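Protein chains in written order, with our numbering: chain A, 1 to 503; chain B, 1 to 348; chain C, 1 to 310.
In short, the hints are calculated from the structure, not lab data.
Predicted model only: the values in this text are computed from it and were never measured.
Yeah, the Cβ is synthetic: ideal placement off N, Cα and C, and Gly gets one too.
It cannot be assumed that every hint is accurate.
Each pair of labels, with its calculated beta carbon distance range [unchecked claim]: (1) C:Phe150 - B:Arg128: 50 to 56 Å; (2) C:Gly109 - B:Asn45: 40 to 46 Å; (3) B:Gly101 - C:Thr36: 41 to 47 Å; (4) A:Glu377 - B:Arg130: 49 to 55 Å; (5) A:Gln55 - C:Gly15: 55 to 61 Å.
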Amino acid sequence: MPPLLQLSGVTKSFGAVRALKGVSFSLAAGEVHALLGENGAGKSTLIKVITGAHQPDSGTIAVDGETTGKLTPSTARTRGIAAIYQQPALFPDLTVAENIGLGLEKPSPFRPVRWAERRAHARELLQRVGANIDPETEVRNLSMPEQQLVEIARSLGAGARILIMDEPTASLTQKEVQLLLKLVRDLREQGVGIIYISHRLEEIFEVADRVTVLRDGESVGTKSAKEIDEPGLIRMMVGREVSSIYPPSESQPGKPVLRLENVGCSSSGVRGVSFEVRAGEVFGLSGLVGAGRTELARILFGITPADSGKILLKGDSIEIHSPRQAVESGIAYVPEDRRRHGVVLEMPIASNITMAIHPSFFPGSWLRFGKERELAEKYISDLQIKTPSSEAPGGSLSGGNQQKVALSRWLATHPKVLILDEPTQGVDVGAKSEIHKIIRKLAAEGLAVIMISSDLPEVLGMSDRIGVMRGGTLTRILDGPTADAHSVMSAALGQDEAGGIAA
Amino acid sequence: MTNPIANSATFKTTPKWKKAFFSFEALLVVVLVVEIIIFNSTGTNFTTRDNLFEILRFSVVLGLLALVMTPVILTGGIDLSVGSLLGLSAIVFGKLWRDAGMDPWLAAICTLVFGAVAGGLNAVLITRLRLPPLIVTLGSFSLFRGLAEALTRGVDNVTGFPESFLFLGQGYLFGVIPAQLPIFILVAVGVWLLVHQTTFGRSFRAIGFSPEGARYAGIPVERRVAFVYILSGFMAALAALVYVAHYGQAKADAGSGYELLAITAVVLGGTSIFGGIGSVHGTLLGLAVLAVLRRGLTLSDQPAELGSILTGGLLLAVLAGEVLLKKFSSRRARVKTNAQVSQITPTT
Amino acid sequence: MKKYFREISVAVALGLLLLVLAIFAPDFFKPTQLLTILTAAAPVLLAACGVALVIMCRQIDISIGSQFALCSIFAGMAAGHGLPMPLVMLLAIFSGALFGAINGAFVAGLGLPSIVVTLATMVTWREALRWWREGEFVRDLPGSFQWFGFSQSTGQIVLLAVAGVVFLILVFALKHVSGGRFVYAVGSDAEAARLAGINPRLVTFCVFVLMGALTGLAALLNAIRFPDVDPKTGTGLELQAIAAAVVGGVAISGGRGKLWGVLAGVLLLACIAPALVFLRAEPQWERAIQGSIILLAVAADGWRSRKGKI
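Okay, chain A solo, but in the shape it has when bound (with noise of 0.2 Å):
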């Protein structure tokens, strides 16, 4: 039997930049396989070739071992190709029904809708992904992961027999993910082929049967994932070897930097919230998605103000009502949507690190070039940001070096208090271990460090101490160094059991 779909040197250019380099690739039915690399690897181009929006140079696509000719979005849809990106692709301004309905008919222009069909339809789509969404919901009003399922299962009423799901998993919670992972599960079950693409390798050892790795545009390789495991592929993606993937803390924690008592926001759903965080310290903030962490940092920053309890830093009670009041205090926030707030994608480097500086740097507010561009080439040099020059914008940079853009704009506030949240979230590994030594040299510097993360060895790893939100409170601060993930994960989902400290 041919398998489901076939690549065979696919080949794929833009202008001088050969993206993909003779790339072969399988998927069964029933099979999940996982396609591995870092950013910039060639993912997304193979991924777009799959679902026909990028056509190859050359090489051939087979579906059912049949030799598909020129694929364009349309013709993938209808071999029964679909794809779930991160960012959800759904029209915000209509309903789930309709959601579903544009995606599932023939788009030409001239049909009647059948609303109460589109209806039925979508309830019962929904049912076979397990998600209870009323129909008639406009899609902004729904979170992320309800978002994937309606995709999901609008992807599955296409009649999807090969789903592509590129980072399904960035946005969700432990508890999310575990959801998402049975329904990979049921779908292989039901006999879809499925490609997983995800930078978190335990959930591939959880659901993939076959791995493939692709590193600067080549297949380095496929293995089942029983013959391989995490060091294995850590070296099959980076072509080297990464010895230790979390660098051991040094610091000595200090005298409390950041104290918070009783705070709440009724806006944003966090109340109650109390904890210190002290010098030289990385204070993990571990949770489920929507337990109210990142809230939690935007109020520290002044987005989304406090209306209740006290912020004190180093014995001071201070009032935070907008990110300047944030900066001018000493706190600063690397966000986690490093595209939309972290870097300015369009504005040189330079501009980008200097930015949240503008009144002390910039005396008078006139602009000082030359003093600005030696500021720039020293947070390269020191954070090894790989960039041709300090005038390159920050969208030409790979996520990795993005991050390390906003985190040299953060520390070139001379912060007293560093919020990271999600540090390392879509960054590839190589990046990802340098984020880390970077982290811990603030750290060893004296700096209160609080990190936001979902990946659960991460905050095992980093953290001295690990506080855990619940329902927009810390319900639990554990100390990091005996902490384990299932103590962790018993605290953020509610089950109370010894081992932490309650706070």
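With the hints as your guide, set chains B and C onto chain A.
What follows is chains B and C alone, placed relative to chain A:
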């Protein structure tokens, strides 16, 4: 919609001299030179000193609006109300002088304050209520012009201003330099410094590219945006004073259609309507292209309508040309970053 | 209820205005008076529906006033040359569609921002017309032109019927024909639409063409109300139409809005000028009031969404 202009213009990989040579500004200079050559052969006395000053005189009012429209568009906004506000400010000034019996210079100062307050109305609606500038200023476009009409019942013109005030728009310094020229130069230099040499200009660009990104960088986005709309209102009032002094009368339809001309000058000057990209010197070039065209047609005994038609056509041709040119020439540069760009903005 | 909040609130505002008029100026409700107001509003309604479609598609068209004027002149001249009325109507619609196609080609084909493109075409068409006609009216029209050759009262009803039928077709098509939903889809998220097999550029282009065709029809319906055709007609129509659409709840960010709301918006704005006359206020206030209503409507939206978000 995708924005090919913004994407490719920001990824600069070519050397500096090459960039300058093939830049948008260079294209405008060529257009300008061609215009001058044509009008020099068709019109009479085109390349004379007097004519140069005449062109400058006629472009001051529009120029003030275009200059201040540049930072507005840089923030990704637009101000459609400047022309209407010019008319309303002219009426307010006329009424303050004639009906309230104010000294013309005091009335002028009050008018400037009024302009800033009217701009403040736009600013409040845009920043406090987070409304799209296009629609807010469309509303105030109607409101300001409507108020001007209502205040004058559509017929009342204020005339007979004192000579000392009219000098501002009709007089000559040292016998040759139009009196409004120093104002224009001062404003032009001021706006250029603001946009290109201060953190304000930097903030405008950041806001234009990504308002949320700017906010998360601690930039006081609302204050900066409010500032440009207030400045815009202030400048409309200043333009109104020059307008009244030039024509010697304040009437309700003063400056109608100027918002469109000002936007044309700015966009023609290479400022991206999506914000972030653009320069004040580009706007000045765009303005020059427009002004020379109009003046040249007048001197060549061509109807004024032809100037407007050519303006519209020129705007479309230049933009379309830019897009098409980018498609061919910078294919390589664009493609180099394409892999990353498409990752950055998977859903634009 | 919440879904139709905007449409209802505009309808309530209209109702209140009518109530005030009923108390203070009952003469307003004379049938002839109402018919005059409605026939004047009908062309605006068609143009506003066109603009609403464009806005739903996350674009804008500010050139419709100029298109309107050109189409009116074309229709008048065609009728003057003795063409039968159905052909004149087709010509007006076709020429409008052509203007729309030009805008659409620049916006959808080249990817230029619609505000700049339609700004340019607005100025170009208007000035070309001024150059060409030099302000001269089209006079000496055949008897079959004004009111389609009917008496005034019959003509008014025919006009309203034509506009009403077109409006209802649009309402139906936008809700119950797949192509109508594409407009919302493209306005909501063009990339998602592309992934769903919809061609966003084609949809955008078609919306501009449809907008032009509606403007052409609106121009004809407007022109037949008068014995001759004014080349300055339609000045400021783009603002009236956009105002009506925005007041009627069409979101400027695309993807949202209903034509019933646009209808309510058109009626509300259409009643202001006559209401001023009947309430013995100065008619010069009309524009200022129109502007205030736009600002109030969007401010109310902003207020609501802000409260809703936090």
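Here's how the hints hold up against the structure:
Remark: the range hint 50 to 56 Å for phenylalanine 150 (chain C) to arginine 128 (chain B) is upheld by a beta-carbon distance near 53 Å. Separation of glycine 109 (chain C) from asparagine 45 (chain B) is about 43 Å and conforms to the stated range, judged on CB atoms against 40 to 46 Å. Restraint check, glycine 101 (chain B) to threonine 36 (chain C): a C-beta distance of roughly 44 Å satisfies the suggested window 41 to 47 Å. The supplied range of 49 to 55 Å is broken by glutamate 377 (chain A) and arginine 130 (chain B), whose beta-carbon atoms lie about 38 Å from each other.
Checked against the hint of 55 to 61 Å, the pair glutamine 55 (chain A) and glycine 15 (chain C) passes, with Cβ atoms roughly 57 Å apart.
Of the numbered hints listed earlier, the single one contradicted by the structure is hint 4.
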